[in-house]
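*Asks:* All chains, please: the whole structure from these sequences, using the hints.
The listed protein sequences derive, respectively, from chains A and B.
Letter by letter, the first sequence follows residues 1 to 235 in the numbering used here.
Letter by letter, the second sequence follows residues 1 to 193 in the numbering used here.
Just so you know, these hints were derived from the structure itself, not from any lab.
Check the hints yourself; a few may be wrong.
Derived DMTMM-like pairs: lysine to aspartate or glutamate, alpha-carbon spacing no greater than 20 Å straight-line [unchecked claim]:
#: 1; chain 1: B; residue 1: Lys-141; chain 2: B; residue 2: Asp-158
#: 2; chain 1: B; residue 1: Lys-166; chain 2: A; residue 2: Glu-22
#: 3; chain 1: B; residue 1: Lys-127; chain 2: A; residue 2: Glu-22
For each label pair, taking beta carbons as the anchor points, the in silico distance ranges come out as [stated by the list, open to error]:
#: 4; chain 1: B; residue 1: Lys-131; chain 2: A; residue 2: Asn-150; range: 28 to 34 Å
#: 5; chain 1: A; residue 1: Gln-168; chain 2: B; residue 2: Asn-80; range: 24 to 30 Å
#: 6; chain 1: B; residue 1: Lys-127; chain 2: A; residue 2: Arg-20; range: 29 to 35 Å
#: 7; chain 1: A; residue 1: Gly-204; chain 2: B; residue 2: Val-150; range: 55 to 61 Å
In this text, all values refer to a predicted model and were calculated from it rather than measured experimentally.
A virtual CB, placed ideally from N, CA and C, is assigned to each residue, including glycine.
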Amino acid sequence: MNNEINISLLERYLQGEIAREEVLDIEGNPVDDEALQKSIEQFDDIKLGLKVIALRDDLKQIETEFEATQQPKPGWVRYAAAAAILLVAVASYFIFTANQAPRFEDYFTHFENLSISRGSESDQLQEAMKFYQIEDYDKALSLFKALPENQLTGESHFYTGISALATQDFILALEQLSLAEYQSLLEYSQPIRWYKALAHWQRGELDEAKALLAQIKPGHYQSDKAQTLLEELRD
Amino acid sequence: MSTGLDIVDKKIIESIVSDDADELRQTMRHMYERCFGATCQYVLNNKGTREEAQDVFQDALIALFLNVKKGAFRAESSINTYVYGISKRLWLKNLNKQQVLKPVEQADAVLFSEQIFNFEHQLSVNKLLLKIDERCRSILKDFYYEKLSVSKLMQKYDIASEGATKNKKYKCLQKLVKIVNENNLKRDQFNNE
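*Replies:* The structure is reproduced here in structure tokens:
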């Protein structure tokens with residue numbers, strides 16, 4: 001950037017506050033088009049650079065938070081999880097020797113609402129949640145689908161996704177759970193993984209289902225069932 | 001924008017374009033949940049450590065950010081594939097520097113080399129931006145990234161008036177311009193290798 005250009009005037013020009021002719025150098029002289037163009041490009045680079053520096057700081061913080069969620073559980077949790085897996089494995093043996101193919105209804109379970117009416121939701125959302133809670137998924141889904149754009153949240157996508165899954169609209173379930181994953185993150189990340197795995201499984205997308213199930217670690221939401229289903233799908 | 005992007009990919013792109021710092025942070029948290037595992041596994045399988053995978057992944061996210069901002073992002077693959085490809089390219093480049101790379105791996109990496117051009121150019125700009133004092137950098141970051149208003153900047157930095165705050169901001173910006181000019185930074189000074 002021409003270091004003689006008046007940066008204050010350049011920024012005002014870029015914001016549409018002043019005309020091209022009013023962009024001057026620091027001594028009050030006009031600047032030619034070439035110098036102006038070069039100044040604009042370099043000014044953009046500088047602004048972007050500032051954003052990158054700030055973003056890098058944010059990423060360090062996000063990485064620290066993310067790594068904290070990846071830490072192994074305390075020893076007793078691991079033992080408890082291992083014991084639970086063993087129990088499920090034994091139980092599964094008896095269940096699955098009787099029923100050869102795994103069935104969706106053996107794996108899908110209702111997810112209890114984590115944030116039952118905080119009073120801040122719209123009437124429409126509360127109404128949809130009311131039907132969701134009594135497991136009337138068809139009614140709940142039609143109400144979720146009717147929510148206006150400005151009332152869509154990570155949670156609304158999540159419960160829409162589960163209702164869609166329960167009513168066997170697996171494409172909608174995957175779409176909504178992906179949106180929930182994008183918006184609500186850590187609080188719902190484990191159940192989202194589980195329910196997405198179920199949706200992929202039901203769509204016959206076994207590689208995707210198995211990849212998600214493999215990410216469900218002992219102690220995570222539905223980890224026992226995930227382990228059992230994974231073994232079933234590998235066979 | 002078409003092909004390889006699903007509805008979440010589109011949201012990610014929108015959030016980068018939006019210039020909203022909170023939305024961007026949310027997107028980046030999502031990216032860690034969604035994509036870090038694959039990059040980490042790749043680096044671990046290729047003579048690296050988890051810490052090195054973290055560095056590579058951060059750089060890949062910055063590259064994604066820059067390419068979207070500069071309109072250089074081509075929506076030919078999903079964001080997952082894109083970030084993984086960039087991470088791979090960056091890691092292979094690092095191995096190449098250490099001369100531990102097999103030729104077959106180098107050929108595979110050419111695919112994403114174009115996409116890290118903006119990243120490498122910006123790294124050079126950023127080294128210069130780090131030369132201004134911390135207070136100035138912080139004011140400018142708050143203004144351009146966090147989008148704080150002049151009155152909020154005035155309160156945060158305990159400056160006497162809005163006029164003085166604007167003046168301070170412009171002085172900081174002018175310092176940056178001077179540093180960039182003194183270093184005669186030109187785009188053609190950068191190349192992919």
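*Asks:* Would you mind marking each hint as holding or not holding in the structure?
*Replies:* Now the hints, each set against the structure:
Straight-line distance between C-alpha atoms of Lys-141/B and Asp-158/B comes to about 16 Å, which keeps the hinted pair within the 20 Å bound. At roughly 19 Å between alpha-carbon atoms, Lys-166/B and Glu-22/A fall within 20 Å of each other, so this suggested pair holds. Using a Cα cut-off of 20 Å, the hinted pair Lys-127/B and Glu-22/A is violated, with the two alpha carbons roughly 32 Å apart. Judged by the Cβ atoms, the range 28 to 34 Å given for Lys-131/B and Asn-150/A is violated: they are separated by roughly 44 Å.
The supplied range of 24 to 30 Å is met by Gln-168/A and Asn-80/B, whose beta-carbon atoms lie about 27 Å from each other. Separated by about 32 Å at the C-beta atoms, Lys-127/B and Arg-20/A satisfy the suggested range of 29 to 35 Å. The beta-carbon spacing between Gly-204/A and Val-150/B, approximately 57 Å, falls within the hinted interval of 55 to 61 Å.
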